[in-house]
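Numbering (my numbering), first residue to last: 1 to 478.
FYI, nobody ran anything at the bench for these hints, they're computed from the structure. Here the structure is a predicted model, which is why all the values come from computation and not from measurement. Please note: incorrect hints may appear among the correct ones.
With beta-carbon atoms standing in for the labels, derived distance ranges [what the hints assert, rightly or not]:
| hint | residue 1 | residue 2 | range |
| --- | --- | --- | --- |
| 1 | Val252 | Val277 | 38 to 44 angstroms |
| 2 | Ser450 | Gln51 | 43 to 49 angstroms |
| 3 | Gly412 | Trp70 | 39 to 45 angstroms |
| 4 | Leu119 | Leu156 | 18 to 24 angstroms |
| 5 | Ile374 | Gln433 | 24 to 30 angstroms |
| 6 | Gly415 | Phe53 | 43 to 49 angstroms |
| 7 | Pro229 | Ala64 | 39 to 45 angstroms |
Glycine included, C-beta positions come from ideal geometry on N, C-alpha and C.
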Amino acid sequence: MSIHSSPLDSGQPRALAFLVAVALVVGCVAGFGAFVFRQLIGLFHNLSFRQLFSSLYDANQHTAGTAPVWLPLVALPSGALVVTWLVRNFAPEAKGHGVPEVLDAVHFKNGHIRPIVVLIKALASSITIGSGGSAGREGPIVQIGAAFGSFMGGLLRLDHSDRVTLLAAGAGAGIAATFNAPLGGVLFAVEMFLLRLDFRAIALVALTVVSSAFVGRVLMGSAPSFDVPALQLPDYAAEPVYVLVAFASLGVALGAFSGLFIRGLYWAEDIANRIRVNEYLRNAAGMALVGVLLVCLHAGTGHYFVEGVGYAVIMDVLTDVEYAPALLLLLAFLKLCATCMTIGFGGSGGIFSPSLVMGACLGAGFGLLVDRLIPGTGVSVPTYALVGMAGLAAATTGAFFASVVMLTEMSGDSGIILPILLCAATAWIVRHQLCAPSIYNLKLLRRGLSVPEAFPADPRASLRGARPQQSSQKGDQR
1 MSIHSSPLDS
11 GQPRALAFLV
21 AVALVVGCVA
31 GFGAFVFRQL
41 IGLFHNLSFR
51 QLFSSLYDAN
61 QHTAGTAPVW
71 LPLVALPSGA
81 LVVTWLVRNF
91 APEAKGHGVP
101 EVLDAVHFKN
111 GHIRPIVVLI
121 KALASSITIG
131 SGGSAGREGP
141 IVQIGAAFGS
151 FMGGLLRLDH
161 SDRVTLLAAG
171 AGAGIAATFN
181 APLGGVLFAV
191 EMFLLRLDFR
201 AIALVALTVV
211 SSAFVGRVLM
221 GSAPSFDVPA
231 LQLPDYAAEP
241 VYVLVAFASL
251 GVALGAFSGL
261 FIRGLYWAED
271 IANRIRVNEY
281 LRNAAGMALV
291 GVLLVCLHAG
301 TGHYFVEGVG
311 YAVIMDVLTD
321 VEYAPALLLL
331 LAFLKLCATC
341 MTIGFGGSGG
351 IFSPSLVMGA
361 CLGAGFGLLV
371 DRLIPGTGVS
381 VPTYALVGMA
391 GLAAATTGAF
401 FASVVMLTEM
411 SGDSGIILPI
421 LLCAATAWIV
431 RHQLCAPSIY
441 NLKLLRRGLS
451 VPEAFPADPR
461 ASLRGARPQQ
471 SSQKGDQR
């Protein structure tokens, strides 16, 4: 789309002020959308597990209630049938983990996302997660926020560049409101979606994120996603070599596990596609397998562990609840299996939260092993868990800087930035050697579409500000 088709000359102060107002509206709606989405998850979770019509739900606590422990065997397939009907009849792009569809819109559809995706994605993902499916709420809220930004850009007949900027801003705003991590939200939008890397676009994203985070804090409180205790960080002056080797070794393990996760997800999808049965039955069968896994876990441990977003497991390892290293490694593998079955067989939900859960388990398990082999290192198990969360998320999603900054924001301690950077960089390199595309990019590659893993903006576009027609045409070709 040519920039001349827009009724707004965004270079004029009055038009820029109008765009700022629109960005603030997008942010407010994204923040409110994150709140509504969280309430929907709580509602469907309570209906599925507690037989209560209530949206009060704390994802950081293990599921408790009076419902029979075998209820997931009914709730998960039933939810799968509803999700399949919604996705099949109203918005096929609401299937899966969301971010690849946003990348597709940015690079190949002029930033256009159908408005109905907002409603269907919210319903499909909240039912999938609430009924016990292993998926995250961040991917869906990214798609929901991006869809509203795209809708506003289309409604106001903005040019391609400004429409994509609003789309990216909406996506980042959703992340900021969900995690209460504004800087992480800005970096996620810039790193994944922006086609123009100039201050004007970044400022619009930042303003959108600010309004979203404000609304999110008003509606959901200002507490961070995870109540991280004071961390025991390494004494670099006393043991610099040992500490660096330990975190780099964790990064190697996380990179290998990330490659397994990425391949496993699409392997599960391929298996599902080979099953020659009705789509409804196929999705229900996949969710039934997840239900069997949940019931077996509950019978053996007293907790479902891998259901939903899985934040209760993260809180356990961050607060030093005692788990054996073998159990933590097993939970990471079972979370991988549950997520692959949930998303691969047709569920709707994100993969960022599962990455955090698996990273926390692997990091904590690694920390416990190090502590047993070399006692008195001065590094706490929660520190390893938090570093593991950042490392696996960065390697799997390709959103390197967003993951690093987001987990540093959550920790409340900037001293953790060095081990997080080292671990995340090592994990990304190892994953890239084992599986070159990220989990988002591989989905598009399987459709024959290729996009950059991160930072899609052409830096030359910012230097061609005096020639907007050329910049716009380049954006359309993406």
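Do the hints match the structure? See the list:
1. Val252 to Val277: 38 to 44 angstroms: Holds: the Cβ-Cβ distance is about 40 angstroms, inside 38 to 44 angstroms.
2. Ser450 to Gln51: 43 to 49 angstroms: Distance hint for serine 450, glutamine 51 holds at roughly 48 angstroms.
3. Gly412 to Trp70: 39 to 45 angstroms: 40 angstroms, holds
4. Leu119 to Leu156: 18 to 24 angstroms: 21 angstroms, holds
5. Ile374 to Gln433: 24 to 30 angstroms: Between isoleucine 374 and glutamine 433, where Cβ atoms are some 28 angstroms apart, the hint holds.
6. Gly415 to Phe53: 43 to 49 angstroms: Given a distance of about 45 angstroms, which is inside 43 to 49 angstroms, the answer is holds.
7. Pro229 to Ala64: 39 to 45 angstroms: Taking Cβ atoms as reference, proline 229 and alanine 64 lie about 23 angstroms apart, which means the hint is violated.
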